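Start from the sequences, fold in the hints, and give me the full structure.
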Amino acid sequence: MNTFLSCDWGTSSFRLRLVSRTGGHVLQEYTSPDGVQQIYNAYQQELQSSDRESYFFAFLNNKISAFSMQTDIDLDGLLLVCSGMASSSIGIKSLAYAGLPFSCSGRDVVFHFFKPSANFGHPLLLVSGVRAEEDVMRGEETQLIGVMAKIKDVKGNGMFIFPGTHSKHVAVQNQKISNFQTFMTGEVYSLMSRASILSKSVSSSDSQGPEMEKAFEQGVADGAEQNLLSAFFKVRAKDLFGKFNKFENSQYLSGLLIGNELGNLADESGNSVFLCSDARLSGYYSKALQILDIPSTVLSPELLRYAAVYGQIEIINQIEMHEKDIFLGCL
Numbered sequence: 001m002n003t004f005l006s007c008d009w010g011t012s013s014f015r016l017r018l019v020s021r022t023g024g025h026v027l028q029e030y031t032s033p034d035g036v037q038q039i040y041n042a043y044q045q046e047l048q049s050s051d052r053e054s055y056f057f058a059f060l061n062n063k064i065s066a067f068s069m070q071t072d073i074d075l076d077g078l079l080l081v082c083s084g085m086a087s088s089s090i091g092i093k094s095l096a097y098a099g100l101p102f103s104c105s106g107r108d109v110v111f112h113f114f115k116p117s118a119n120f121g122h123p124l125l126l127v128s129g130v131r132a133e134e135d136v137m138r139g140e141e142t143q144l145i146g147v148m149a150k151i152k153d154v155k156g157n158g159m160f161i162f163p164g165t166h167s168k169h170v171a172v173q174n175q176k177i178s179n180f181q182t183f184m185t186g187e188v189y190s191l192m193s194r195a196s197i198l199s200k201s202v203s204s205s206d207s208q209g210p211e212m213e214k215a216f217e218q219g220v221a222d223g224a225e226q227n228l229l230s231a232f233f234k235v236r237a238k239d240l241f242g243k244f245n246k247f248e249n250s251q252y253l254s255g256l257l258i259g260n261e262l263g264n265l266a267d268e269s270g271n272s273v274f275l276c277s278d279a280r281l282s283g284y285y286s287k288a289l290q291i292l293d294i295p296s297t298v299l300s301p302e303l304l305r306y307a308a309v310y311g312q313i314e315i316i317n318q319i320e321m322h323e324k325d326i327f328l329g330c331l
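In UniProt numbering, the protein residues as written are 1 to 331.
Keep in mind that a hint or two might mislead.
Within a straight-line C-alpha distance of at most 16 Å, the following computed EDC-like cross-link-like pairs (lysine to aspartate or glutamate) qualify [stated by the list, open to error]: (1) K63 - D108; (2) K246 - E211; (3) K93 - E53; (4) K115 - D76; (5) K243 - E211.
If you anchor each label on the Cβ, the simulated ranges turn out as follows [claimed, not checked]: (6) E53 - S190: 23 to 33 Å; (7) E225 - R21: 22 to 32 Å; (8) S54 - A266: 43 to 53 Å; (9) N317 - S190: 30 to 40 Å; (10) Q226 - K115: 50 to 60 Å; (11) N179 - N227: 22 to 32 Å; (12) S89 - G242: 44 to 54 Å; (13) S54 - S286: 12 to 22 Å; (14) N119 - E211: 52 to 62 Å; (15) S199 - G242: 38 to 48 Å; (16) S203 - D76: 45 to 55 Å; (17) L228 - N317: 36 to 46 Å; (18) G156 - S190: 43 to 53 Å.
To be clear, the hints were calculated from the coordinates, so they are not data collected in a lab.
Because the structure is a prediction, the values reported are computed rather than measured.
No residue lacks a Cβ here, since even glycine has one placed at the ideal position from N, Cα and C.
Rendered as structure tokens:
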């Protein structure tokens, strides 16, 4: 089995890739906004049509068929490895979480294997997430497995930062996840900038300049040092008093949230910090880490783009070494 289909399925995004296990090369790629939440909502509206697994399998069949036509490649019977929210209560099948400590080799992954069936002609390896005492993640653990397999300057310890709608700070000791925390940074930014009184005081822009950078820097510093609930209202005050225009205020609000999130890392002075971000957020987070004087290694956004793929390869390798019998007659 040299090639397989990789699916990284988030709450609001769907990524399907044809991958060569040799070197982890992505041969073809398809992305869409068909996140797990959207498919689950559609299923809820059509409850009488089929059971949940069959509904999701029908969706996957359509996507794989479209992918095959787009690439003019026969994908029949290829193994599909699916990580992210597909194993959640709104996904294909709800799987239990793996516990801590969790090996970054992929050995401790909880998974379910579906043999090819009349409903779905591909063998499917469904990968679950990880839980702490009062926290959970699905998807980032697979990305971390991929990151750890690819970077060579990690001694098995560190704090790995995965920015996003729900940012994750993952503590690794001796090549195992020992703990992690979730920060609702992206979601709170969306809520405050769209659905709160602050929505009248901010406006997003892709442009950058010295004044925008200054506003972001001040936001980071204030967010790290001040009570966030109080600091939020300064966004409105800065607009009312003309200290920042709405575009600068958007940068200030972003800085407040990122600074508040990263301010917790001051207690991690003994740990190496690794920023694991896509291109969209890498610049903001790396700048904030500099402002807060937190030494860090910024990993390539290109590495993070395919980290889930690399992690899935490691998971396949571990299963082949320890539980190969599950694949018999299917691959």
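Outcome of the hint check:
1. Proposed proximity of K63 and D108 is contradicted: the alpha carbons are some 30 Å apart, above 16 Å.
2. Of the pairs offered as hints, the one joining K246 and E211 holds, with about 12 Å between alpha carbons and a cut-off of 16 Å not exceeded.
3. Only pairs whose Cα atoms come within 16 Å are accepted, and K93 paired with E53 is accepted, the gap being roughly 7 Å.
4. Between K115 and D76, the direct Cα distance comes to roughly 14 Å. Compliance with the 16 Å bound is thereby established for this hinted pair.
5. The suggested pairing of K243 with E211 holds, with an alpha-carbon distance near 11 Å, which does not exceed 16 Å.
6. Separated by about 31 Å at the C-beta atoms, E53 and S190 satisfy the suggested range of 23 to 33 Å.
7. Checked against the given bound of 22 to 32 Å, the beta carbons of E225 and R21, roughly 48 Å apart, lie outside it.
8. Taken as a hint, the range 43 to 53 Å holds for the pair S54 and A266, whose Cβ atoms sit roughly 50 Å apart.
9. For N317 and S190, the hinted distance range of 30 to 40 Å is satisfied, since their beta carbons lie about 38 Å from each other.
10. The hint said 50 to 60 Å for the Cβ distance between Q226 and K115, and at roughly 56 Å that hint holds.
11. In this structure, N179 and N227 meet the distance hint of 22 to 32 Å, their C-beta atoms being roughly 25 Å apart.
12. Taking 44 to 54 Å as the suggested C-beta distance range, the pair S89 and G242 conforms, at roughly 48 Å.
13. Remark: the range hint 12 to 22 Å for S54 to S286 is contradicted by a beta-carbon distance near 45 Å.
14. In this structure the hint that N119 and E211 lie 52 to 62 Å apart at CB holds, the actual value being about 57 Å.
15. For the hinted restraint 38 to 48 Å between S199 and G242, the CB-CB distance of approximately 18 Å leaves it violated.
16. The supplied range of 45 to 55 Å is met by S203 and D76, whose beta-carbon atoms lie about 49 Å from each other.
17. Separated by about 43 Å at the C-beta atoms, L228 and N317 satisfy the suggested range of 36 to 46 Å.
18. Checked against the given bound of 43 to 53 Å, the beta carbons of G156 and S190, roughly 36 Å apart, lie outside it.
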